[in-house]
Amino acid sequence: MTRYIIKRLILAILTVFIIAAITFFLMHAVPGGPFNREKALSEATIQALNERYGLDKPLIAQFGLYLKGLLHGDFGVSLKNGREISSIFAESFPISCKLGLMAVGVALVVGTVLGSIAALMRNKMPDRIIIFVTTLLTSIPSFILATFLLLIFCIELGWVQVWSANSNNYILPVCALAAYPMAYTTRLAKSSMLDALGQDYIRTARAKGVNKFVIIFKHALRNSLIPVITYAGPQIAYIITGSMVIEHVFTIGGIGSKFVSAIGNRDYTLIMATTIFLAVLMVAATLICDIVYKLVDPRIKFD
Amino acid sequence: MDNQYNPNEAPAKHMFSMQLDPQMFEKATDEEKQQQEVMSESTTFFRDGMRRLRKNKLSMFGIIVLFAILIGITAAPHIVPYGYEEILSVEGRRDKGAKNLKPFEYSKMEQQYIAKGGERFPHIFGTDEQCRDYFIRVIYGTRVSLTVGFFASIIVLIIGMLYGSISGYIGGRVDMIMMRIVDVIYSLPDMLMVILLSVVLPSLISFPPDSFFGKMGPNMVSLFIVFGLLYWVGMARLIRGQILSIKENDYILAAQSTGASAGRIIRRHIIPNCLSVIIVSTALQIPSAIFTESYLSFIGLGVQAPMPSLGSLANAARGGINTYPFKLVYPSIMICLIVLSLNLLGDGLRDAFDPKLRR
Numbered sequence: 001m002t003r004y005i006i007k008r009l010i011l012a013i014l015t016v017f018i019i020a021a022i023t024f025f026l027m028h029a030v031p032g033g034p035f036n037r038e039k040a041l042s043e044a045t046i047q048a049l050n051e052r053y054g055l056d057k058p059l060i061a062q063f064g065l066y067l068k069g070l071l072h073g074d075f076g077v078s079l080k081n082g083r084e085i086s087s088i089f090a091e092s093f094p095i096s097c098k099l100g101l102m103a104v105g106v107a108l109v110v111g112t113v114l115g116s117i118a119a120l121m122r123n124k125m126p127d128r129i130i131i132f133v134t135t136l137l138t139s140i141p142s143f144i145l146a147t148f149l150l151l152i153f154c155i156e157l158g159w160v161q162v163w164s165a166n167s168n169n170y171i172l173p174v175c176a177l178a179a180y181p182m183a184y185t186t187r188l189a190k191s192s193m194l195d196a197l198g199q200d201y202i203r204t205a206r207a208k209g210v211n212k213f214v215i216i217f218k219h220a221l222r223n224s225l226i227p228v229i230t231y232a233g234p235q236i237a238y239i240i241t242g243s244m245v246i247e248h249v250f251t252i253g254g255i256g257s258k259f260v261s262a263i264g265n266r267d268y269t270l271i272m273a274t275t276i277f278l279a280v281l282m283v284a285a286t287l288i289c290d291i292v293y294k295l296v297d298p299r300i301k302f303d
Numbered sequence: 001m002d003n004q005y006n007p008n009e010a011p012a013k014h015m016f017s018m019q020l021d022p023q024m025f026e027k028a029t030d031e032e033k034q035q036q037e038v039m040s041e042s043t044t045f046f047r048d049g050m051r052r053l054r055k056n057k058l059s060m061f062g063i064i065v066l067f068a069i070l071i072g073i074t075a076a077p078h079i080v081p082y083g084y085e086e087i088l089s090v091e092g093r094r095d096k097g098a099k100n101l102k103p104f105e106y107s108k109m110e111q112q113y114i115a116k117g118g119e120r121f122p123h124i125f126g127t128d129e130q131c132r133d134y135f136i137r138v139i140y141g142t143r144v145s146l147t148v149g150f151f152a153s154i155i156v157l158i159i160g161m162l163y164g165s166i167s168g169y170i171g172g173r174v175d176m177i178m179m180r181i182v183d184v185i186y187s188l189p190d191m192l193m194v195i196l197l198s199v200v201l202p203s204l205i206s207f208p209p210d211s212f213f214g215k216m217g218p219n220m221v222s223l224f225i226v227f228g229l230l231y232w233v234g235m236a237r238l239i240r241g242q243i244l245s246i247k248e249n250d251y252i253l254a255a256q257s258t259g260a261s262a263g264r265i266i267r268r269h270i271i272p273n274c275l276s277v278i279i280v281s282t283a284l285q286i287p288s289a290i291f292t293e294s295y296l297s298f299i300g301l302g303v304q305a306p307m308p309s310l311g312s313l314a315n316a317a318r319g320g321i322n323t324y325p326f327k328l329v330y331p332s333i334m335i336c337l338i339v340l341s342l343n344l345l346g347d348g349l350r351d352a353f354d355p356k357l358r359r
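These protein sequences, in sequence, are chains A and B. Per my numbering, the first sequence starts with residue 1, numbered consecutively. Per my numbering, the second sequence starts with residue 1, numbered consecutively.
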């Protein structure tokens, strides 16, 4: 167990280092320095600025400095508005985090319930309807769903206020964000529930005359949850990337919409910092999920 | 022959024996013999799969929709007399009133032209804010999205197949090192890396404008590079796993003992045997590539303007969403239809060709 965790931790740290390296060197390969303006600066000013930000040192030394800064939680300064990136994160991350967690919760709970219903009523009407709807949902990109929700409920019907400083209604963004993972979880939960229902211990329980609800909730559901847990890790990655466009569409000031606008502005330091920040988040989420998965299911061997 | 069985001289029957007397039987006529012949041909694996696929109604729906879309996007540019970047003009003069027309609506200049007896092709989906025919833009957007999806999957397939089959076939230390590389790439958050590369690559690569790559534009080329760099790992893992199990079969041992080269064994024996897995996962790769492309175009990193893609059309339509919602509807429906029918087709292929994966 300890060996497994250590192995995974090393892989995770290596991954984060590689991501930081790729990001750093790619960004430095882009032609045009941060001080290229329409109005040319004087040689002396550029030199002073380069010295101020350590840009006169060799690339490897700059990378070292950057890594050192990252370890201290210093992401540098945004090129466009000169703000500390860490303060931008401190302000926008809680919003994204709240949105993402709500979406994950909705997706997992609704998905598991729908999937179990579909499995228990196999080939009946509810099963058909659930599978039909989830197949449709997996074919709609999140940004299109978000735009349509905005169009229908905010603009046409006027039921929900458009996101602004004094009205933050999470219903529509959460729906848009949770739709795809929910559909996927439903399919997953259905197949694993069917799998669990076909096992010998269910037959034994039934033969003993155990109450139907006890069989479903105690025996079948608990065992069918394991694949759903495994999926939750990659799902977090999906939620993070999905939430970028959804925040962009609903104009929510989370970290995702900051990222999208940084891409539009070619604000390279902000792009770099956000990439590394989100990547660390994803790697950590996957790591925790994998370890929890192995802890929950004692049948899985550690290798 | 001495010991040939002759029903007329059957050995003497024991009293309590269960042996039947052959003379009690009637000989079959030729007609009756013919009835016993197996009339149906033996089926091949491929034919059997196709039969199962044809029975699957949802997959057939997907195939029909895809064919309709394919015919539409090949035929429409020959029928509709507008270009995707052509700003509308009537008799050589720019038609400034043709901005944001509703479907099948004509601008004032066009109405005058028709009143004078001229013929004007209707704007089936209306026009956009730069006075361009929207129908043809959606058609070209579909072309771009489908092309990207298809070729990206081919790139993924080729790289993944080469890498996976080499790694799986050679095995040992080579396999271990190659798979560690795959592990590392696999653990990178792909979408973030895709976004990062799409931001950076277009400014790093440049081609002469009249070359093939120059016409595609740096964004499109970088999109393919990104797919080639990141998305092959899943395919490589899948194929390696297949090869590891196929390698244990006796016919591989037989081929090796007759002196067949490694390349020949991979090509002749291993690849055909994991073909079904390859077909299925490639078919399911296409919709996910289209998803990625439209996502990138939507946040402004995809195909370069004025070339449209379904994602960038949807993004452009957000600007006037209050007044012209129809401009959002067409590209969105197109993406959903394509992805839905490809998904249905992929699921059907999986059910038909890969009995092990069936749920």
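Warning: the hint list may mix true and false statements.
DSSO-like, lysine-lysine: derived pairs with alpha carbons at most 30 Å apart [unchecked claim]:
1. B:55 / A:124
2. A:208 / A:218
3. A:208 / A:124
4. A:7 / A:80
5. B:116 / A:124
6. B:102 / B:116
Sample of chain B residues facing chain A (criterion: CB under 10 Å; computed from the structure) [to be verified]:
7. 198
8. 199
9. 200
Hints listed in this document are in silico derivations from the structure and should not be mistaken for laboratory results. As the structure is a prediction and not an experimental result, all values here were calculated from the model. Every residue, glycine too, gets a C-beta built ideally from N, C-alpha and C.
Evaluated hints:
1. B:55 / A:124: Holds. Residue 55 of chain B to residue 124 of chain A sits at ~20 Å (cutoff 30 Å).
2. A:208 / A:218: Roughly 15 Å between the alpha carbons, so the hint for residue 208 of chain A and residue 218 of chain A holds.
3. A:208 / A:124: This hinted pair holds, its Cα atoms lying about 27 Å apart.
4. A:7 / A:80: violated, 40 Å
5. B:116 / A:124: violated, 62 Å
6. B:102 / B:116: Since the Cα atoms of residue 102 of chain B and residue 116 of chain B sit roughly 22 Å apart, the hinted pair holds (cutoff 30 Å).
7. 198: Given a least distance of 9 Å, the restraint on residue 198 of chain B holds.
8. 199: holds, 6 Å
9. 200: For residue 200 of chain B, the interface hint holds, since the closest Cβ of chain A sits about 5 Å away, which is under 10 Å.
The structure is inconsistent with the numbered hints 4, 5, although it conforms to all the rest.
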